[in-house]
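Engineer: Please build the complex by placing chain B on the supplied structure of chain A, with the hints as guidance.
If you read the protein sequences in the order shown, they are chains A and B. Those letters in the first sequence? Residues 453 to 729, per my numbering, in order. Those letters in the second sequence? Residues 374 to 593, per my numbering, in order.
Take the hints with a grain of salt, since some may be wrong.
What the hints assert, rightly or not - Stretch by stretch, here's where chain A covers chain B in the computed footprint (C-beta under 8 Å, at least three residues):
#1 376-385
#2 427-434
#3 474-486
#4 494-502
#5 512-525
#6 533-545
Unchecked claim - Here are some chain A residues pointing at chain B (derived, C-beta under 10 Å):
#7 585
#8 586
#9 591
#10 677
#11 702
#12 707
The set of hints was computed from the structure by calculation and includes no laboratory data. Ideal Cβ placement from N, Cα and C applies to all residues, glycine included.
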Amino acid sequence: MSFWEKAEQIDRRWVYLMVGLAVIVPFIVPAEFPISITPESRMLYDAIEELPDSCTVMVVFDYYPSTIAECEPMTRTALHHFWRKDCKVITLSNIPLGGPSMAESVTREIAREYGKVYGEDFVNLGYKANYVAVLSGMGTSIESIFPTDNSGTPLSEIPMMDSIVNYEQVSFIFEVADNATADYWVSIVNAQYGVPMGCGTTAVSAPKYYAFVGSGQFVGLLGGMKGAAEYEMLVGKKGKAVIGMGVQSLVHLLIIALVILGNISYFVLGKHKRRLS
Amino acid sequence: MLKTTVPVGVAFLSGIALMVSFFFRENTFVGSISQDLKIWLTIVGGFTLLLGVVSITRVNWQAVKNRKEGWGYKLLTLVSIFAMAIPAILPASWSPLFGRNPGSIYHWLFTYLDSPMMATMFATLAFYIASAAYRAFRARTAESTILLLTATVVMLWRVPMGEAFLNLFPGNIPEFLNTYVMNGANLAVQRGIIIGAALGAASMSLRIILGIERTYMGKG
Chain A
453 MSFWEKAEQI DRRWVYLMVG LAVIVPFIVP AEFPISITPE SRMLYDAIEE LPDSCTVMVV
513 FDYYPSTIAE CEPMTRTALH HFWRKDCKVI TLSNIPLGGP SMAESVTREI AREYGKVYGE
573 DFVNLGYKAN YVAVLSGMGT SIESIFPTDN SGTPLSEIPM MDSIVNYEQV SFIFEVADNA
633 TADYWVSIVN AQYGVPMGCG TTAVSAPKYY AFVGSGQFVG LLGGMKGAAE YEMLVGKKGK
693 AVIGMGVQSL VHLLIIALVI LGNISYFVLG KHKRRLS
Chain B
374 MLKTTVPVGV AFLSGIALMV SFFFRENTFV GSISQDLKIW LTIVGGFTLL LGVVSITRVN
434 WQAVKNRKEG WGYKLLTLVS IFAMAIPAIL PASWSPLFGR NPGSIYHWLF TYLDSPMMAT
494 MFATLAFYIA SAAYRAFRAR TAESTILLLT ATVVMLWRVP MGEAFLNLFP GNIPEFLNTY
554 VMNGANLAVQ RGIIIGAALG AASMSLRIIL GIERTYMGKG
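Just chain A, same shape as in the assembly (with noise of 0.2 Å):
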């Protein structure tokens, strides 16, 4: 049997040692590569260096927990970003898995380390049912659709809610989705209420997003974790995303590898031939 008959029926398990090895090593023996920005981060982060200080965002946790490692380090960092321009947040989730429990721990992790006070500077209104309707009726009233904040504390109790009735009193909506909720805040939000918007998402939805860069609904997109990478850099707090990008670059440069090699024997042996005969 030949190298390449061998390489063609190599056993997955093989396959999945290399990947296993890839995802270990680079937390092993880090090794640090310069990431460069694309233009889209540099605009979401340049739209929110924009903003006036002290002005009221929104922070949406529209993912689940599989993606917490593309998703996480973007909600953490913007959190970073808007609270060093002493941004009152407000945090919400249309994902009833997960969303509003992640928005409750990562917010009160980093509301810690600036001395935010839950309340006076941010707020989680938690899940409720039904994006569409959610995301237009707060159009109207934030307190109609959520008349309770995440923990149950009625929303007329919560200092930071007083001067918030509805999108108007909200400077910028920062969505990080790994799912269609995304299309949502931009159909319904941005095209009917004006709100200038930001998107994260997975590296596998960013594609989709791009349309919506170019036709400027989105004022920036971080895409997966090299979008997430980026922004951390941008905003000067390297954090996951940026450890992240060695294991990233080795499984992708490993895939390539068994992609050219599965090629290579796949014309070394003929296989085309057959197929076209």
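Structural biologist: Just chain B, lined up with the frame of chain A:
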């Protein structure tokens, strides 16, 4: 009548009300009806979640009761649902273990069981993708060759090591990829898909409002 005419009537009236209200200001009569409908929609949405819980409980409980194959897993499903749901529903004022705040049973189960399990499930995709790419991603036709080459250079561009490699070649390949692949070909195709899907959704909504489309009621 209750099974067909009433649901069609409700769909028609709700759809028309929401559609018409789009053209009215919020502080008008039509605007206020629309806002009430949106609040109702969130309440109905909550009940659909409850319906899901009832349904999954019934199906799994029957399997456990009749000792069907894999009944142990179904029992685990039921235990998991209620172990997370009941402490989360009970008011936090009764005990710090109830509710959904940090320190509650729900929050502990979510942080230390649910979240890592979901992340692990998703992470295993990397292993399958690597294996599948090795076996199936072949330059069989001209189209698949274009896809393969584009995917390879975009994958290289999206990681620092790959980008450093691409920068060894003349002609600023990363900028070319961002301008002509992502913001060129990709953007144009995505726009086509988005517009097509939106037109499809609009026509389907109209069919439902007018009662032509009844498959959502189990009718042909």
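Engineer: For every hint, state whether the structure bears it out.
Structural biologist: How the hints compare with the structure:
Counting residues of the segment 376-385 of chain B whose C-beta lies closer than 8 Å to any C-beta of chain A gives 0; at least three are required, and the coverage claim is violated. Coverage of the segment 427-434 of chain B by chain A is violated [criterion: at least 3 residues with CB-CB distance below 8 Å; count 0]. Using a Cβ-Cβ cut-off of 8 Å, 6 residues of the segment 474-486 of chain B lie near chain A, which meets the minimum of three, so the contact claim holds. A stretch counts as covered by a chain when three or more of its residues have a beta carbon under 8 Å from one of that chain; for the segment 494-502 of chain B and chain A the count is 6, and the coverage holds.
Chain A is given as covering the segment 512-525 of chain B, and this holds because 4 residues of the stretch bring a CB closer than 8 Å to a CB of that chain, at least three being needed. Here the segment 533-545 of chain B counts 5 residues with a CB under 8 Å from a CB of chain A, which clears the bar of 3, and the coverage holds. The restraint placing residue 585(A) at the interface with chain B holds, with a minimum CB-CB distance near 4 Å, inside the 10 Å limit. Against a cut-off of 10 Å between C-beta atoms, the interface hint on residue 586(A) holds, since the closest Cβ of chain B lies about 6 Å away.
A cut of 10 Å between beta carbons decides the hint on residue 591(A): the least distance to chain B is about 8 Å, and the hint holds. Given the 10 Å rule on beta carbons, the hint for residue 677(A) holds: about 9 Å separates it from the nearest Cβ of chain B. Interface restraint check for residue 702(A): the shortest CB-CB distance to chain B comes to about 7 Å, inside 10 Å, so the restraint holds. About 5 Å separates the beta-carbon of residue 707(A) from the nearest beta-carbon of chain B, less than 10 Å, and the hint is met.
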